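Chains as they are written, first to last, in the UniProt record's numbering: chain A, 1 to 523; chain B, 1 to 874.
For the record, the hints were derived by calculation from the structure and aren't laboratory data.
Keep in mind that the hints are not guaranteed to be accurate.
[Unchecked claim] Derived list of chain A stretches under chain B, where covered just means 3 residues or more per stretch with a C-beta under 8 Å from a C-beta of chain B:
no., segment
1, 32 to 39
2, 105 to 112
3, 305 to 312
[To be verified] Partner residues aside, some chain B positions facing chain A, computed with beta carbon under 8 Å:
no., residue
4, Lys245
5, Tyr246
6, Ile248
7, Lys266
8, Tyr452
9, Ser455
10, Ile627
11, Phe657
12, Val659
13, Lys667
14, Leu669
15, Glu673
16, His677
In this text the structure is predicted, and so the values were computed from the model without any measurement.
C-beta atoms are modelled at their ideal positions from N, C-alpha and C, and glycine is treated no differently.
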Amino acid sequence: MNRLYNSMEPRVMDDDMLKLAVGDQGPQEEAGQLAKQEGILFKDVLSLQLDFRNILRIDNLWQFENLRKLQLNNNIIEKIEGLENLTHLVWLDLSFNNIETIEGLDTLVNLEDLSLFNNRISKIDSLDTLVKLQVLSLGNNRIDNMMNIIYLRRFKCLRTLSLSGNPISEAEDYKMFICAYLADLVYLDFRRIDDHTKELAEAKHQYSIDELKHRENLMQARLEEEQAQREELEKHKTAFVEHLNGSFLFDSMYAEDSEGNKLSYLPGVSELLETYKDKFVIICVNIFEYGLKQQEKRKTELDTFSECVHEAIQENQEQGKRKIARFEEKHLSSLSAIREESELPNIEKMILECSADISELFDALMMLEMQLVEQLEETINMFERNIVDMVGLFIENVQSLIAQCRDLENHHHKKLLEISISTLEKIVKGDLDEDLPDDLRALFVDKDTIVNAVGASHDIHLLKIDNREDELVTRINSWCTRLVDKIHKDEIMRNRRRVKEINQYIDHMQSELDNLECGDILD
Amino acid sequence: MEVLREKVEEEEEAEREEAAERAEWVRMEKMMRPVEVRKEETTLKQETLRDLEKKLSEIQITVSAELPAFTKDTIDISKLPVSYKTNTPKEEHLLQVADNFSRQYSHLCPDRVPLFLHPLNECEVPKFVSTTLRPTLMPYPELYNWDSCAQFVSDFLTMVPLPDPLKPPSHMYSSTTVLKYQKGNCFDFSTLLCSMLIGSGYDAYCVNGYGSLDLCHMDLTREVCPLTVKPKETIKEEEKVLPKKYTIKPPRDLCSRFEQEQEVKKQQEIRAQEQKRLREEEERLMEAEKAKPDALHGLRVHSWVLVLSGKREVPENFFIDPFTGHSYSTQDEHFLGIESLWNHKNYWINMQDCWNCCKDLIFDLGDPVRWEYMLLGTDKSQLSLTEEDDSGINDEDDVENLGKEDEDKSFDMPHSWVEQIEISPEAFETRCPNGKKVIQYKRAKLEKWAPYLNSNGLVSRLTTYKDLECTNILEIKEWYQNREDMLELKHMNKTTDLKTDYFKPGHPQALRVHSYKSMQPEMDRVIEFYETARVDGLIKREETPRTMTEYYQGRPDFLSYRHANFGPRVKKLTLSSAESNPRPIVKITEQFFRNPAKPAEEDVAERVFLVAEERIQLRYHCREDHITASKREFLRRTEVDNKGNKIIMTPDMCISFEVEPMEHTKKLLYQYEAMMHLKREEKLSRHQVWESELEVLEILKLREEEEAAHTLTISIYDTKRNEKSKEYREAMERVMHEEHLRQVETQLDYLAPFLAQLPPGEKLTRWQAVRLKDECLSDFKQRLINKANLIQARFEKETQELQKKQQWYQENQVTLTPEDEDLYLSYCSQAMFRIRILEQRLNRHKELAPLKYLALEEKLYKDPRLGELQKIFA
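Isolated chain A (complex conformation):
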């Protein structure tokens, strides 16, 4: 490199520069000649060194998909950018640049070693996704807040950290603080942390750390709980009976029903509502449990099916492998016999025999495959029938249970209507003892109004129930069709792949034989 270092003119990362670098750093000697002959694709490069090049802007790196190690140190980079595609990166060196904030590293989840030494960073940030980080070098920066250390606690693999040359390293408590808060750290500022220091630090900061830990634990516990709940709900969803193990449906029925809520203040209605709710919830729970049971059944059915199919395919593959092995043995010996044979007519005869063998193998393999396809088709059809039956039965039973719900609702409606009308009569007669809320009393103007109000409430309830039923039925039906489609598609794909594989193999064998022929004729 015979350019002057202090000529501060920035350079652009263009194709030529990259090509040159790749060529320089690629294979040497004999392999190098080959590489030159063929050219190197950027995506095959695993490690790239671009230091002391006065680069201002990171660019043109998107082709290096498989890059593991990238060195961009000693440039004049001001912003981390253009690294989004290098997801396989393990080692990234950006030291001795002019970077001010940490950014643009979110996609580099495999990063283990990150060096940002001698930059202008003032805050440790935006590193959340780099869970595999082991070595972090942030020396000679402008970090001045101790709280940045606590941010580093989330990196469970972090073993080496350098922070010297930052404003915080001036603090007298600097080393102790880091040792205490990052207990898994082994090296700090290129020195091993001895056990003694660790103990001292721990003793010094025990209280605050304990508090921190407690908080972290609480957070963790809450996250886990949420996770568990989500999983539970997910499980219920796969059984298509989510939110049916309680009064959720019932509550939703009354959520948008203003008249119903108003009517519940009528004398005797609250008791009625209570019993109605109890009965309703019992039916819902029944549906829920039945759904879970059915889900279990469907799952075992599916498991047995896939197990059987898997076994069948395995068995078939074994047969195929045996056939190929037997063929290869024979083929090898006949090939070597052909090589040794000198009489041309004999050679031709033997080659003919060989190709006959190959086509025989082809036939045998294809036969096996056809047989398997037939067998699987039969099984798949059987499974399809069964699963459709099962789903149908499930829907039927759920519908009958939901019909019970509807009956309950109708019953409730009737009762409510009776009470309302009797109350109306009382009001008309004027011998109502209890006082009613004003908005409720407003309904009792005439018979039509009150009947309409009660009817509206009833309609809303029925609508809710119908909606829930429809949702369940459509979802399970779509699940069923999707499953069956997938099974069919998978089987077709498998068949295609196998046929392709067989053809490829046979072609290879045949071409090998042809080559031999040509060679012999040439000789």
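Mind docking chain B on chain A? Use the hints.
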């Protein structure tokens, strides 16, 4: 007794009824029991019963005065305890009861042999058989189970045949005596074994009965050696997998069923013929092997042990022959009949017919119809209580009998008169008399030795023969113990000349099995290893003159197999023989297990280095859902193109078949790098093969050295044999002893001789105390002076002698022979040494004497007995 009587009556009735058939019946019976022979002579009729009774009562269980198993003179009875020489009153009582029982028995069953109840012991005292059993639990954990126990008894004792093979012996010695002399007849054997079995919790009984000739003479030549019998391969019950719901249907079978049936029929016919031929062959062989008929079949008395089911988790009844220690089922045809049996609590007589050997016997000792007990009240006779009531009411001696039974009821078996059975650890380890035993089996000979008896650790040898006469050796198996090289078993096959050594874990080269024909290298051999003990995970190495195959397991590089073919050795005339001249390698084949971390199409399954042809073949693993595997072949020619440039890599140097074609593998660079890598690997593999060869040489050398040295290891817990620990222990003991002596010396009481002059028990007056002290001190002073004088005298004597000698030497210096001169010089040096020592002792004595004197004075002051002295000064 009622039962007995009933039985007799039944028999009589049967006799009357079947008088016509008697002749034939008798002929049949003759085969089984000697008693039945006599039956012909004694005609049993109701009228003559009384007469008979009288006659029979005269029949005594006479003790025949024949020679016992080993002559009595050899037994030293003087040291035996009293219980051996006399009977306690209780024992006397028991003997009376037994006699009474015997009389009644012989009265009721006159056609049976007299009972074997109380033979004489070594002191000529009659002892009841049950009291001869001494249940003992041995302190050796090996003797806790019946099989090892029986094996021990059969090994430990030497068998002596019965003096009269048709009668039970007249003498039966205690187990202690038998153990001491390590000899005995079948009754001694079974008594000892039974004692040990009962002691360790088995429900065991001594049996007096009839055995086959082979059994009685401990003749195993018609038995197949248990060590040669291969354990039957347990046929794994194939779990019938229930066809699952969606199991695919098998493809339709298009073969003709009729043709198949015909084929099966034909094959069955062929097989039947084959089987018939085999069976005939077998029968012929059996005929040849069968023993000559024994004239005394069924009459030979034998004693063995019966173990009943129930205790110690014994699932069913079985017999143990104490001579061989083998167990037999109760149906075995070697056991021809049972007279009686006993344990340490009771005695039972068999009332069942033994016409079909012991096959029909039922061993329910509580059943009084089948088994007549002697003493009531033991655990086995619960059944009798119910049967007693309804039987034998109208009998004549009912009253008498009842009285007797009451008497019996209150009586239980006295304690055994035999001393505790003890086997010393030495005897236990030596096992066989003189530590050696030879057993002859059918076509096999088994020799056993005690551990450490043979210097090469040989403990047993089994020789198998081809023929019955044992002349043509088929194979030899030798078992070793305590070998330092962990050799366990040596197997020599004489027909194929193949030798196989088996090792226990712990050989320095981790050997497990080594089979070979000769110890020369590069010959046929198979070496197996304990792969966990080896760093390279080698399991097995097979060698033939031209190949070497190695099998590996658990390696980080997943290598599983390496096969090397060698070419003929190139003659190198110039090189000296000391330098190794390895054979050229023609081909190396290596196979690998699947590496789960790599995708299948990059994971090599097999690579073949064709060294001579400069070719490398690779075969990759097959992917889970594929049936074909990728292949690649490299030709390693380096050529020069027409311009004179070296061709590095051309596409035709690498032929590859890929199941799923990949882009990057097509590149020449990739292929070049792969080839370079393989070249390096080839070099390494070749090196590995050579190293393996060297290792074989090393192993062979080591084995030869070990065979020559055959050192034995001694456990650190073996206090008897471990010389080192013994020395150490003795040294410790010596030190302790010396320490003890020193202590005694320091406690020497100076005052004792002086105090003895005074009357004892009185308190000393002051004057006496002072006098005592002075006397003691002056005495001590005198002694010190005497000692000094003695040393001085010796010193002077020695000096004088030396001077004399020197004088003599100076006078005769000229005439002396060199030997005399040497003698003189050595004398001089010795004398000088002695003088110097004496001088030193004298000086030391002079220095120490005043100190010792002062010390004594001090001690006397402080002596509490001379308290008076202190008072003055106090």
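Okay, the hints, checked on the actual structure:
1. 32 to 39: holds (count 5)
2. 105 to 112: violated (count 0)
3. 305 to 312: Result for this restraint: holds, n = 6.
4. Lys245: Check passed: Cβ of Lys245(B) comes within 5 Å of chain A, closer than 8 Å.
5. Tyr246: 4 Å, holds
6. Ile248: Holds - the Cβ of Ile248(B) comes within 8 Å of chain A, reaching about 4 Å at its closest.
7. Lys266: 28 Å, violated
8. Tyr452: 54 Å, violated
9. Ser455: 55 Å, violated
10. Ile627: 4 Å, holds
11. Phe657: 5 Å, holds
12. Val659: Status holds, d = 6 Å.
13. Lys667: 6 Å, holds
14. Leu669: Given a least distance of 5 Å, the restraint on Leu669(B) holds.
15. Glu673: For Glu673(B), the interface hint holds, since the closest Cβ of chain A sits about 6 Å away, which is under 8 Å.
16. His677: 12 Å, violated
Hint compliance for this structure: hints 2, 7, 8, 9 and 16 are broken, all remaining hints hold.
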